[in-house]
Amino acid sequence: MGDDGKGDGMKVRGLEDLKKLREEGLTRIYPDQVKITVGMATCGISAGANRVYEAIREGIEKEKLSIILAKSGCLGFCQREPLVDVWRPGFPRIIYEEMTPEKGVELLGEIFNGGLKKEWALCRMEEEVLFFEDEPLRYKIESGLEDRDAIPLYQDVGFYRKQLKIALRNCGYIDPESIEDYIARGGYFTLYKVLNEMKPEEIIEEAKRSGLRGRGGAGFPTGRKWESCRRAEGDKRYVVCNADEGDPGAYMDRSVLEGDPHSVLEGMLIGAYAIGAHEGYIYVRNEYPLAVKNMGTAIKKAEEMGLLGEDILGSGFDFTIKINRGGGAFVAGESTALMASIEGYVAEPRAKHIHTVESGLWDRPTNLNNVETWANVPVIVEKGADWYNKIGTEGSKGTKIFSLVGKINNTGLIEVPMGMTLREVIYDIGEGIPEGKQFKAVQTGGPSGGCIPDKLLDLPVDFDELTKVGSMMGSGGMIVMDESTCMVDVAKYFTDFLKDESCGKCTSCRDGTLRMYEILDNITKGKGKEGDIELLEELAWVTAEASLCALGQTAPNPVLSTIRYFRDEYEAHIRDKKCPAKVCNELLTFTIDPEACIACLKCKKLCPVEAITGEKKVPHEIDQSICIKCGTCREVCPVDAVRVE
Amino acid sequence: MADKEMVRFAIDGQEVEAEKGTMLLPVALEYGFEIPHLCYHEAVSPYGACRLCLVEVTKRGRTRLTTSCNYPVDEGIDVTTDSEDIQRARRMILELLLARAPHSERIKKLAYEAGIKETRFSLMDVGDCILCGLCERVCREVVGADAISFISRGDKRDVGPPFADPIACIACGACVYICPTDCIKMEERGDERTIVKWNRTLKMQECKSCGKPFAPLFQLNWIIDKVNLPKDFYDLCPVCRAGR
Amino acid sequence: MKKAQLEKILKRYDYQDSDLLAILQDVQTQENYLPRKTLEEVAERLAIPLARVYKLATFYRTFSLTPRGRHLINVCLGTACHVRGATMVLERLKRDLGVKAGGTTKDLRFTLDTVRCIGCCSLGPVVVINEEIFGKLNQEKAAKLLKEYN
Numbered sequence: 001m002g003d004d005g006k007g008d009g010m011k012v013r014g015l016e017d018l019k020k021l022r023e024e025g026l027t028r029i030y031p032d033q034v035k036i037t038v039g040m041a042t043c044g045i046s047a048g049a050n051r052v053y054e055a056i057r058e059g060i061e062k063e064k065l066s067i068i069l070a071k072s073g074c075l076g077f078c079q080r081e082p083l084v085d086v087w088r089p090g091f092p093r094i095i096y097e098e099m100t101p102e103k104g105v106e107l108l109g110e111i112f113n114g115g116l117k118k119e120w121a122l123c124r125m126e127e128e129v130l131f132f133e134d135e136p137l138r139y140k141i142e143s144g145l146e147d148r149d150a151i152p153l154y155q156d157v158g159f160y161r162k163q164l165k166i167a168l169r170n171c172g173y174i175d176p177e178s179i180e181d182y183i184a185r186g187g188y189f190t191l192y193k194v195l196n197e198m199k200p201e202e203i204i205e206e207a208k209r210s211g212l213r214g215r216g217g218a219g220f221p222t223g224r225k226w227e228s229c230r231r232a233e234g235d236k237r238y239v240v241c242n243a244d245e246g247d248p249g250a251y252m253d254r255s256v257l258e259g260d261p262h263s264v265l266e267g268m269l270i271g272a273y274a275i276g277a278h279e280g281y282i283y284v285r286n287e288y289p290l291a292v293k294n295m296g297t298a299i300k301k302a303e304e305m306g307l308l309g310e311d312i313l314g315s316g317f318d319f320t321i322k323i324n325r326g327g328g329a330f331v332a333g334e335s336t337a338l339m340a341s342i343e344g345y346v347a348e349p350r351a352k353h354i355h356t357v358e359s360g361l362w363d364r365p366t367n368l369n370n371v372e373t374w375a376n377v378p379v380i381v382e383k384g385a386d387w388y389n390k391i392g393t394e395g396s397k398g399t400k401i402f403s404l405v406g407k408i409n410n411t412g413l414i415e416v417p418m419g420m421t422l423r424e425v426i427y428d429i430g431e432g433i434p435e436g437k438q439f440k441a442v443q444t445g446g447p448s449g450g451c452i453p454d455k456l457l458d459l460p461v462d463f464d465e466l467t468k469v470g471s472m473m474g475s476g477g478m479i480v481m482d483e484s485t486c487m488v489d490v491a492k493y494f495t496d497f498l499k500d501e502s503c504g505k506c507t508s509c510r511d512g513t514l515r516m517y518e519i520l521d522n523i524t525k526g527k528g529k530e531g532d533i534e535l536l537e538e539l540a541w542v543t544a545e546a547s548l549c550a551l552g553q554t555a556p557n558p559v560l561s562t563i564r565y566f567r568d569e570y571e572a573h574i575r576d577k578k579c580p581a582k583v584c585n586e587l588l589t590f591t592i593d594p595e596a597c598i599a600c601l602k603c604k605k606l607c608p609v610e611a612i613t614g615e616k617k618v619p620h621e622i623d624q625s626i627c628i629k630c631g632t633c634r635e636v637c638p639v640d641a642v643r644v645e
Numbered sequence: 001m002a003d004k005e006m007v008r009f010a011i012d013g014q015e016v017e018a019e020k021g022t023m024l025l026p027v028a029l030e031y032g033f034e035i036p037h038l039c040y041h042e043a044v045s046p047y048g049a050c051r052l053c054l055v056e057v058t059k060r061g062r063t064r065l066t067t068s069c070n071y072p073v074d075e076g077i078d079v080t081t082d083s084e085d086i087q088r089a090r091r092m093i094l095e096l097l098l099a100r101a102p103h104s105e106r107i108k109k110l111a112y113e114a115g116i117k118e119t120r121f122s123l124m125d126v127g128d129c130i131l132c133g134l135c136e137r138v139c140r141e142v143v144g145a146d147a148i149s150f151i152s153r154g155d156k157r158d159v160g161p162p163f164a165d166p167i168a169c170i171a172c173g174a175c176v177y178i179c180p181t182d183c184i185k186m187e188e189r190g191d192e193r194t195i196v197k198w199n200r201t202l203k204m205q206e207c208k209s210c211g212k213p214f215a216p217l218f219q220l221n222w223i224i225d226k227v228n229l230p231k232d233f234y235d236l237c238p239v240c241r242a243g244r
Numbered sequence: 001m002k003k004a005q006l007e008k009i010l011k012r013y014d015y016q017d018s019d020l021l022a023i024l025q026d027v028q029t030q031e032n033y034l035p036r037k038t039l040e041e042v043a044e045r046l047a048i049p050l051a052r053v054y055k056l057a058t059f060y061r062t063f064s065l066t067p068r069g070r071h072l073i074n075v076c077l078g079t080a081c082h083v084r085g086a087t088m089v090l091e092r093l094k095r096d097l098g099v100k101a102g103g104t105t106k107d108l109r110f111t112l113d114t115v116r117c118i119g120c121c122s123l124g125p126v127v128v129i130n131e132e133i134f135g136k137l138n139q140e141k142a143a144k145l146l147k148e149y150n
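Protein chains in written order, with the working numbering: chain U, 1 to 645; chain V, 1 to 244; chain C, 1 to 150.
Just chain U, with the same shape it has in the complex (with noise of 0.2 Å):
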């Protein structure tokens, strides 16, 4: 380390060294003077944060403010980004909401002046967890700000009330590109003892009294499959990290990735240690630019001070990660495909009767877990499992992160501990249905899942009990969806999904699939007939139960769970040739109420085959045999006069 204990190429050598850097680190995060950040993961940058930031960025040169601006990763309510932070000497941490380029330069004005700005305040925030301490971090604040109890505090906020963040514990804390903001949080700390205190033994059996399941979706007990692969035989051991997430409406892991990647690297580094492994990767989605960039870098700054590669942190002990970045595939996600995919081959999953932490890549015992389970380690060990497995539910011990979205009010990254039910989910945290409708259903494990309705709601949630209602948790996608969506539609939907996306090569899952989608189109093309959920069931089943992989295996789950909850919806399709829903296009007649119609002329100039007509004062029409039912009309009338039947 160089003697002025900063600068780029030193290289941690010990508990000095690191003890430094989170000094420095600490004086980043909390700087005597004003600091802005902006989150800065992908569902902020796509709300619109590039441009706040610019905003801010030209006016703090403009005035010349001495204020420091930073990024930082997301903070988990998407609803609200652009999410603006603002740190002040004295002050609360204090959460803008709803940002835009001009608010953010009245802003600057505003902490000039010494104000709140209360009214785009999302909360304030006094302290925060440091799972590396034993007390909360609490801010100093002045006397004399009372106002700002007009701010809700973090812990108040509905969104934030019932969460317990431990793999997200940095994102939207830190800066995700300084190794040194991670430091300052306790991060590298929990390597360091287990490099120097710690058997490897000692923490397979931390990990495995943790409780700890893989939070991929199958939940394999983590300390298990470590002990496998450090008992399995061979020169040469792998730990893998599966960053290929792959459920639509999951985005957990990309969050991790993007807001603290070093969370993840710790992780491995920890699990290497304990199974005997040298060599690792992380296998990301090429959808995820941004994660792809922030793990280069995380793995760069961790080399460079010698955190990753030979003799780390002086212990003797050697690891190195590569980055594999996917090409697009949903089998990928599969343990067996991704080492294929890995190995420069395509991502077609082998039988599995032969485990991978025996014979996984390259032949050799192979260590394969998810990010956010990664993510969890450093906490786990350094806290002990006894501290984690109090948290939780008998069987799914721990938290576990959730993307909440679809139709409700606050949508967004949560982490809850295990157990929690569907109702408080949905109701405290996500704070009800928009627009008074009715909540209708939940969908949970991505394609592998299914839709849970409203008389389950009181469900706990973990690992055992969604499967039992059949679904599953998957990698912790929850889609909410409420009156307005149809569930032949939906299992229709993942259907699609699921036929793209087989590798192809079972006849049970390719052609499975693609026959139960043909009669799901049908169905919603009111070309079903009696007997089609019969022979969905039958084909539902050979799916199941022949198809080599986990993706054909758990491929019908969409069908099934919503013809177990959902079967009155298929019949109306069938029988009555409707959709109660009012989704499935070609079921539905489209009208023109003449009474509400205020003749503007918009559906008429947008009708792709010119079926409507009409002019200016005149209300419109629809013709019936031109109609295509495309819905333009109705999404594009500014006064809701499209009836639809």
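There is no bait here: all hints are sound.
Calculated cross-link-like contacts (lysine to aspartate or glutamate; reagent style EDC-like; alpha-carbon spacing at most 20 Å):
1) V:K156 / U:E518
2) C:K136 / U:D482
3) C:K136 / C:D113
4) C:K136 / C:E91
5) C:K3 / C:D14
6) C:K136 / U:E435
7) V:K20 / U:E358
It is worth saying that the hints were derived from the structure and are not from the lab.
Position chains V and C relative to chain U; hints supplied.
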């Protein structure tokens, strides 16, 4: 070399013995058990695509359906080759395959034996190919020409030469021979041989003794090159060479 | 792609065939698609069959074997986008551009494709044009976006 480790286990109640790790299907067939199969051939590695060779295997008290072609045998497993579930799965698989290969005699026969007279699914225009992958494997593993491969994925999966251009195909006919649905046809006209499915036509070498065309010139040169044979090795056809 | 450019990419991966996927990704990033001639050269330089390269190139969705438009439009068809009307957006863009999903306009201005979730579920329906993400769309807003690109 270590001795082969033999394991004993049961198929339909009969005790059998095999080398540990051998695949179950060939063992069962050798013992005379009948298990229908399409994508398995002893000349190439097992693949597990058609899913027809399903059996029930009980191991450590857990029973499950699994394909036997890629199941490595182990001590004490209990195998059932016929059950209600097996038949139920097989019938649906055959129904699905019948829609892909309605003209294949072998599929029709297997379907008939399973009690399937016709398929409930619309027929597919895929030239009777069931994507078993035997042609791909024999071309790669046995012939070594690597002229064809699977293409695309999911319901769009197909098999053929890259860019539909069969430049690496030596028209040896191994794929023709191994195809279980006879969907790869070979035609010989005059001194030309054509593999119809890959759209490959090659001129054949005429025997310098009897004058009969006997194999594609491209193929013979490919072999001469690959195994380093004398340039004139294939001047004579196999018959004349044997009689010389 | 020029030989020297390809050589640079191959060298980056030390001519390892296990990095075939990454090599093809880099080729596509540079060329916007995978030209046949380049794939043939990749096979030759890595001493692997062209059939293996082609199998890989057609298996993964990332790749295109035909030239793509100057602007790549990806309509997200993730579940959250779907239940919020992504299909309507896709149908509209298909109609306006006169192409199917996966198709390229004759003037090579746009390629219209779909993606299964980019993880911006709270902003659905979402469309990605080149690298930029647009959220909270409906078919009209989506159609208007196209005007910004030529």
